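Heads up: the sequence shown begins at 12 in our numbering, then just goes up one per residue.
Take these hints with a grain of salt, some might be off.
Stated by the list, open to error - Lysine to aspartate or glutamate pairs mimicking EDC-like chemistry, simulated, CA-CA at most 16 Å apart:
id : residue 1 : residue 2
1  : Lys111    : Glu129
2  : Lys144    : Glu82
3  : Lys88     : Asp33
4  : Lys310    : Asp233
5  : Lys242    : Asp313
As the list claims (entries may be wrong) - FRET-style restraints, in silico, Cβ to Cβ:
id : residue 1 : residue 2 : range
6  : Leu18     : Glu143    : 30 to 36 Å
7  : Pro89     : Leu311    : 47 to 53 Å
8  : Asp62     : Glu204    : 42 to 48 Å
9  : Asp313    : Gly41     : 33 to 39 Å
10 : Lys88     : Pro222    : 17 to 23 Å
11 : Phe155    : Asp24     : 28 to 34 Å
12 : Ala312    : Asp150    : 34 to 40 Å
13 : Gly19     : Arg318    : 33 to 39 Å
14 : Arg79     : Val344    : 34 to 40 Å
15 : Val201    : Leu147    : 24 to 30 Å
16 : His115    : Asn252    : 33 to 39 Å
Simulated from the structure, these hints should not be mistaken for lab results. These numbers come from a predicted model, not from an experiment. From the three backbone atoms N, C-alpha and C, an ideal C-beta is built for every residue, glycine too.
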Amino acid sequence: LFRSWHLGHFLPDYLPTRRGFDTQYGHYNGALDYFTHDRDGGHDWHRNDKDSRDEGYTTNLIGDEAVRVVEQAQPGKPFFLYVPFNAPHSPLQAPDEYLKRHAHLADRKRQAFAAMVECLDEQVGRVVAALEKRGLVKDTLILFSSDNGGPLGLGATNGSLRAQKGTLYEGGTRVCAFANWAGRIKAGTVVNEPLHIVDWFPTLVKLTGAPAAQKTPLDGLDIWPVITAGKPSPHEDILINATPGSGAIRMGEWKLVLNGRIDANDLQNAGPPNAEAKAAPKKKKAQEKAAGVAVELFKLADDPYERNNLAGQHPEVVQQLRARIEAYQKAAVPPKAGNQPANYKAPRVWGE
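Taking the hints into account, I'd like the entire structure generated from these sequences.
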């Protein structure tokens with residue numbers, strides 16, 4: 012594991028090397044400084060779950076570590092690399108050499124975002140080049156994806172999709188991904204079926220032949236037939252989120268959003284002008300008011316940008332999907348919390 016853990020570190024048993032990873036390098040939380048590796052005064056950079064004082068831009072450090080592991084891999088011994096780069100997560104920081112290449116962008120946030128993505132792209136390229144040099148590409152499945160849509164106020168753009176990161180709409184939850192495996196995945200294959208990030212784990216487990224037995228049922232499903240054979244999504248529904256007072260779920264062509272709660276800022280777009288980016292303030296105000304509707308039902312096949320609320324026309328669909336969200340809410344396990352102080356500066360929070 013290289014980069015962010017983001018799955019809890021309130022007890023040693025929850026650290027990466029206690030959760031199945033042989034090695035770990037990077038940080039536990041997000042939004043740390045890319046150069047100092049600090050967040051709110053606390054140092055968040057670790058090697059094998061011990062404090063590390065390595066210096067450098069985090070994207071480059073993670074790339075270096077991934078390349079090193081590939082170069083030192085033992086012949087004939089399979090390996091798994093999980094390399095979730097932090098970039099281009101905030102704060103918007105990049106080395107000067109990359110910022111200068113995008114100086115033509117008037118929006119300074121967009122400039123930094125583009126610089127961070129370019130550096131990220133180079134590091135991904137280095138990892139692939141290392142695999143090629145070792146002659147491992149034909150035996151390697153490469154997956155590249157994201158965990159959420161972009162934050163519009165921080166230089167990102169989600170095209171014409173509605174809203175942004177942190178919302179229940181497509182601009183916050185729908186992302187692209189690609190898979191590459193020479194001889195196993197046909198070049199040019201396009202998958203439009205709804206899949207979920209939790210599907211990667213059971214898919215990889217089955218591909219490797221590892222035991223899939225779990226104490227509790229997995230939320231994800233094997234999606235290899237979808238990717239390689241054009242099969243339909245195995246999901247009857249896909250839960251997007253379920254919290255007290257709000258939630259969203261997708262089932263077939265329908266998507267239900269409960270208390271979406273977005274404002275005008277969620278509808279802005281930092282990228283190429285589109286209908287919403289050009290909208291007059293009066294229209295923005297109307298959109299913001301509409302976004303406050305408690306129940307929204309969209310038919311995504313016809314309305315991928317979630318502009319036409321059909322809740323009033325299809326109350327039976329709303330009832331069906333709402334019941335499924337409520338069932339997920341009841342089945343959810345309360346999150347565990349430790350007794351560590353809520354202070355990033357506290358040394359014992361970081362094991363120092």
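Quick check: does the Cβ-Cβ distance between Pro89 and Leu311 fall within 47 to 53 Å?
Violated, at about 38 Å.
For Asp62 and Glu204, compare the CB-CB distance with the range 42 to 48 Å and indicate the outcome.
43 Å, holds
Between the alpha carbons of Lys111 and Glu129, is the straight-line distance 16 Å or under?
12 Å, holds
A range of 30 to 36 Å was offered for this pair. Does it hold for the Cβ distance of Leu18 and Glu143?
31 Å, holds
For Lys310 and Asp233, compute the direct alpha-carbon distance and say whether it is at most 16 Å.
26 Å, violated
When you check the alpha-carbon spacing of Lys242 and Asp313, does it fall within 16 Å?
Answer violated: Lys242 to Asp313 is near 22 Å, above 16 Å.
Given the hint of 34 to 40 Å, is the C-beta distance from Ala312 to Asp150 inside that range or not?
38 Å, holds
Pairwise beta carbon distance, Lys88 to Pro222, judged against the given window 17 to 23 Å:
Roughly 19 Å apart at Cβ, these two residues keep to the hinted range, so it holds.
Cβ separation of His115 and Asn252, checked against the hinted range 33 to 39 Å:
38 Å, holds
Has the given pair, Lys144 with Glu82, been kept, meaning a C-alpha gap of at most 16 Å?
9 Å, holds
Evaluate the given range 33 to 39 Å for the C-beta pair formed by Asp313 and Gly41.
Check passed, 36 Å falls within 33 to 39 Å.
Assuming the hint says 33 to 39 Å, is it satisfied by the Cβ distance from Gly19 to Arg318 or not?
Hint holds: Cβ distance 38 Å, inside 33 to 39 Å.
In summary, the numbered hints that this structure violates are 4, 5, 7.
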